[in-house]
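Going down the list, the sequences are from chains A, X and Y. Quick note, the first sequence lines up with residues 1 to 974 if you use my numbering. Quick note, the second sequence lines up with residues 1 to 425 if you use my numbering. Quick note, the third sequence lines up with residues 1 to 91 if you use my numbering.
Hints listed in this document are in silico derivations from the structure and should not be mistaken for laboratory results. Mixed in with the good hints there might be a few duds.
Here are the simulated DSS-like cross-link-like pairs (lysine-lysine), alpha carbons at most 30 Å apart as the crow flies [claimed, not checked]:
id	chain 1	residue 1	chain 2	residue 2
1	X	K19	A	K52
2	X	K106	A	K138
3	X	K359	A	K133
4	X	K29	A	K496
5	X	K359	Y	K26
6	A	K496	A	K275
Just so you know, these numbers come straight off a predicted model, no measurement behind them.
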Amino acid sequence: MTSKRLPSGGLIDRGTTVRFNFDGRSFTGHPGDTLASALLANGVRLVGRSFKYHRPRGIMTAGPEEPNALVELREGARREPNTKATEIELHDGLVSASQNRWPSLAFDLMSINGFAGPAISAGFYYKTFMWPKSFWEKLYEPLIRRAAGLGRAASQPDPDHYEAMHAHCDVLVVGSGAAGLAAARAAGEAGARVIICERDFVPGGGLLLSPADAAWRGDMVNALEAMPNVEILTRTNVFGYYDHNLLGAVERVSDHKAEPDQHEVRQRYRTFRAKQVVLATGASERLIAFPGNDRPGAMMAGAALTYLRRFGVVPGRNAVVFTNNDSAYETALALAEAGSGKVTLVDVRSQSALAAAMTARGIDVRLASEVAYFDGKTALVRRRGGAGGDKFVADLLCPSGGWNPNVQLASQSGAKPRWEATLASHVPGESVQAERSAGATKGIFGIGAAAYDGARAGREAAAAAGFAKAQDFALPERGPAEQPIAPFWEVKASGKSFVDLQHDVTAEDIRLAHREGFSHVEHAKRYTTHGMATDQGKLGSLVGSAILAEARGEPVEAVGVPTHRPYTMPVAFGALAGHASGAHFQPVRRTALNDWHLRNGAVMQPTGAWLRPFFYPKPGETGWEPIFREARAVRSSVGICDVSTLGKIDVQGPDAAAFLDRLYINTFSTLAVGKCRYGVMLREDGIVFDDGTTSRLAEDHFLVTTTTGNAAPVLEHMEFHAQTVWPELDVQFCSVTDQWAQVAVAGPKSRETLAAAVDGLDLSNEVFPFMGVGEGKIAGVPVRLFRISFSGELAYEIAVPSGHAETVWEAILAAGKPFGIVPYGLEAMSLMRVEKGHAAGPELNGQTTAADLGMGRMMKKSGDVIGRVLAGRPGLADPGRPRLVGIRPVDTNKRLRGGAHIVREPGSGTSMGWVSSVTQSIEHACWIGLAMVENGEALKNQRVFAVSPLHDESVEVTITSPHHVDPENLRVRA
Amino acid sequence: MPARPERMTDRYSAWRLLKESLSGNRGWKPAWRKPEPKASYDVIIVGGGGHGLATAHYLASVHGITNVAVVEKGPIGLGNGGRNTTIVRSNYGLPSNTRFYEHSLKLWEGLEQDLNYNVMMSQRGVLNLFHSDSQRDIAARRGNSMRIQGVDAELLDREAVRSVAPFIELDNPMFPIFGGLMQRRGGTARHDAVIWGFARAADRRGVDIIEHCEVTGIRREAGRVTGVETTRGFIGAKKVGVAVAGNTSRLATMAGLSLPVESHLLQAFVSEAIKPMIDGVVTFGAGHFYISQSDKGGLVFGGDLDGYNSYSQRGNLPVVEHLLGAAVSMIPALSRLRVLRQWAGIMDMTMDSSPFICKTPIDGLYFNGGWCYGGFKATPGSGWCFAHTIARNEPHAFNADLTIDRFRDGRMIDERGAGPNPWAQ
Amino acid sequence: MHLIPCPYCGERPQDEFHYRGDATVKRPAPDAGEQAFYDYVYTRANPRGWHDEWWQHYAGCRQWIRVRRNTLTHAVAASAGPADALPEATP
């Protein structure tokens, strides 16, 4: 295989050689190459297979619009399918493989699909695979799924890291071609803070193809780099334009290396909040539809110029350039300069002022002509619309159908694309956000003109952002005006003319879609899948629209193109996730006692945002054993539990009591200082929102506790009502959840334990009764004590400033040692909670009323209460609604399941309710549960069935009071 | 001259496909005609999305009412019918929902034959994963409710999850996988094909599908609907059914009604196509992330609402970042794949996250809406029930509870207990 | 991501705020009856265009502010404190 590299030229480092691998073969290239340029330099023509027909394909472009040259890059956990060879920077040791072929790229058995072409035209799926009925899922679909798809995902976790970075700037410039550089320079010199993003790894855009402008480019880049208020980000593609001038981008930090350096991220997700934006994203060359326009050797004219000028690679020996506009003439010239073979220029226009100059360089110019056929070796050139024609030996065919301004970002920003007849394309419409387009993005072509327009845009953007210092820098000469383009979309000749190479959509498919009524551009797109591939229709979207327009008998602008949506280029999942994935997906909240739990062998589990101790197993304990041991210790002696995660809200102000009266269904204004009370609050729709105990610390000072999960929502609920509904009430709120750690000390020996630990508070039942609140000291630390109980035993909760939590906890443990105090976790707490019959999360599930939970009588008789009125609606006041009850199995050996349903008879198709919470009981030596059962009150002591068809279980149960333990509530008052 | 209905003289068959492929595919007829509106119809359906077209199909095929027009402001099927994540399931816990969605799922199961159109209904399973014991109990309550009502559901433990979905990270520190609730009859269908299949089937039975015809008013006389004002003039109708997801409140306003509905954004995403990786639909509690893989190979996924009222069809980045974080946390092998495209649909969210298919206080006017993010799977069931409600002027048992009045009565159908806060549902 | 102009803290990104929907509905007097409360909780104009809505600057001053935002374009026209009124109308 001979090298296609020119002896000189291009922006590659010829002094350094790098080795890389494609499909198991070793090659060499140079720094500055892309994988595509290096493959071309090594004479590799066949790089991929198409999606549907598995046709052989070569490199078609030199950028993100590449439809064919998709490879699996790297191996193992770093394998990246569908990576465009045109976007891969060559590095030493690069490993890549072609994809979607079997058994090999050169011999792909799936290409048999090509012969079935007419039968698998657009939309064929919808008309077939229906007979017999069962075969779709059993046979057809698995086959289709296996054949579809492109590359293979890695099967292991990604070893690389990602991060996010957010920046503000005065002017964001997207693109670093002539327009972008000039815009950045103008804005920078005006004094604005400028960030310029370039997708490529070298700034310059189209300047990189113009040796004559190399010096200007160098000067501009140097000047920008020297400006402290300008930042140039290369390898940074802006993928989306969002509300309020926020743009998202991904910086490819280390994709140009075999793997990231130590501590280096692979990619960086960036957002920019810009006062003003200049979009200088250039233009993309569009395809012409003609038979064989997908064959290896077909390459866009602009891409061929890129390989010649930027990479010093001759993409073919004998070339036919096929154009409807002036831009491809430069490709023909560059090919002729490279001097490798015969160059033919086919222009659909009947006149060209440039023809003579071409002929002088030995280029065979065919005006008013078209390419009717290409097979990779020969091209058939004929008079437009004529028959016959001349055959040319050609291994390179370079179409240019004109240039589409890259309006995607402008369009995403809300500026509706506008049809520009002189370009036969769309340009950005009127700005909606603070943005302006410049240069080719706006349809202003030619380096000098683009630079001039860019400087204007940069100046205007800076001025709009408040920066107006004078600027002074040189711009390139503006060249002569181009000859007008002749809109030209398709050569009508027999054979497959593609409009979407990756998805194998042909011009005929578009017409078929129209014949079948899919004539709206969005319908045609969806029916044919045109423009939905990873190249996002950049090459052929407008061509498809033009063919559809012709079929409809309407102008192209009446058909339009599908809406531009993010992303301008596909974006890695990992990049958008940034650092917030895996263990860092969600911040973890830990209590002040977390370290003690870990040191003492707690099994920690997430509950909502928190990590909490579930139990503290001793060596040899398995299953429920530690839970039983902990719960028994509480029921028989004393235990200690970290309940710090409860929400705590400090409520102060002269109207605090009046406010709480409206918040809770029960009354707090009558609560004495030094006492606490259980309260229930509703949503305005009458459903229970939250519950907890509230303490009155002073006339105008309350401490509200909430359930763990509702700490933040309850505070917001309070603030909303205080600020907006009852602003006349003088009351303030402050979350103190994190400031106070809280521990429960529960069990018949809890008083004796605490008596030994607490200074300054008489804990006797007379002085400090059930629902008492007091202050004292433990180990010298001032604490608050609450005589409240969740377990149903004599119990206290002690609130301690977080920083002293462990001191106080240890002091209580020491005081409880004579009683065998044990720390108990969430599981034992939950066991005792179910035994006691307290409603908790599973019962307060957003579907239940206070009456459902047996707390209907708590509703005060009068006064404004959130939720009171709508709680009276018939559906919520219905006495037949499911009520909270207890259940116990008739056969005490049977287990109960949370989520089981209550039915009259096994096999019944009607549920009477559901089992909300279950546990093994230590008091009853069987499973017990709480359930919400229709007419539950009336069913007390009756037998029903708790069925769990998911477990194939049916257990006869007796309906009981929810209070499985101490229904008279004597223990808590002991 | 208006085209005449084809009466299914152009059925799709293997023979037909072969014949057309040998003759350049020149014989295929338009999937639906482009008729001019008549002066009046027995029934006008406002909204040429999946639900409206399905309603027309069932009005014609089940109730024999063929003098029907579907009027659509743009081209058919470009609202939520063409912007969803294609999931089909009936795994609801509250009987009012279960019986409706199960009926819909049964219709899905026979839809290809009914429509003579391959909508690529694919029952590869829907797996809802849970991350704690309490979430498991909630899933079990739902699964048991389904089973009691005769709907398939299975509870999978961690090992079973591992075997059906080996790509999942089971041990995320904050979202460990405890198991999952599987509905094997759930799956996906090709969303656009559903639109086209219903359109073609309705058209062949004589329904006029009138595109680019925006309704600007609902004409009433003496408490009774008489037709619709449109951008193509007044069209008379004895009955009008409205099925316009994303525009429900606007149409209600035209009829002088106020609804318990807010419109919100839901974003969806598709990755580049890859070889088969994820077989069924998998959903997670983390970030409400859900994902499936299309027959073409793209991973289709989504998550939470953007969280504020919007009609913009433009999503924003906070939800994207959170969702992709969840995606990579739950399926680490996604990290190096690429997201190709992102879009957003307008969800008409009700105050209990369940829909309505019902009569209104105006005689002859019927509303279908409030589908929240569950509209796609409901498509055939919604059309079937709406057709029944319109034809008989009373709901079927399947949709009897799906009324707007339920809010007034306090009989909400609130699966998740999120309450009347659409942004939090 | 929206920028929300907090009257107390200035323009802040949307993720510092929590949303609470329609700010034009007003909680009725306690004796106003079920219909009034039904409308307060359930009935929404749900406009396609300018919408006055509640946002709480929870990661800032914790004030519930009124924001006039366009539900079609996401443009923000005005904001006001919890007890202050927004301008009459935005064209």
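**Request:** Please flag the earlier hints that this structure goes against, numbers listed from lowest up.
**Result:** 3, 6
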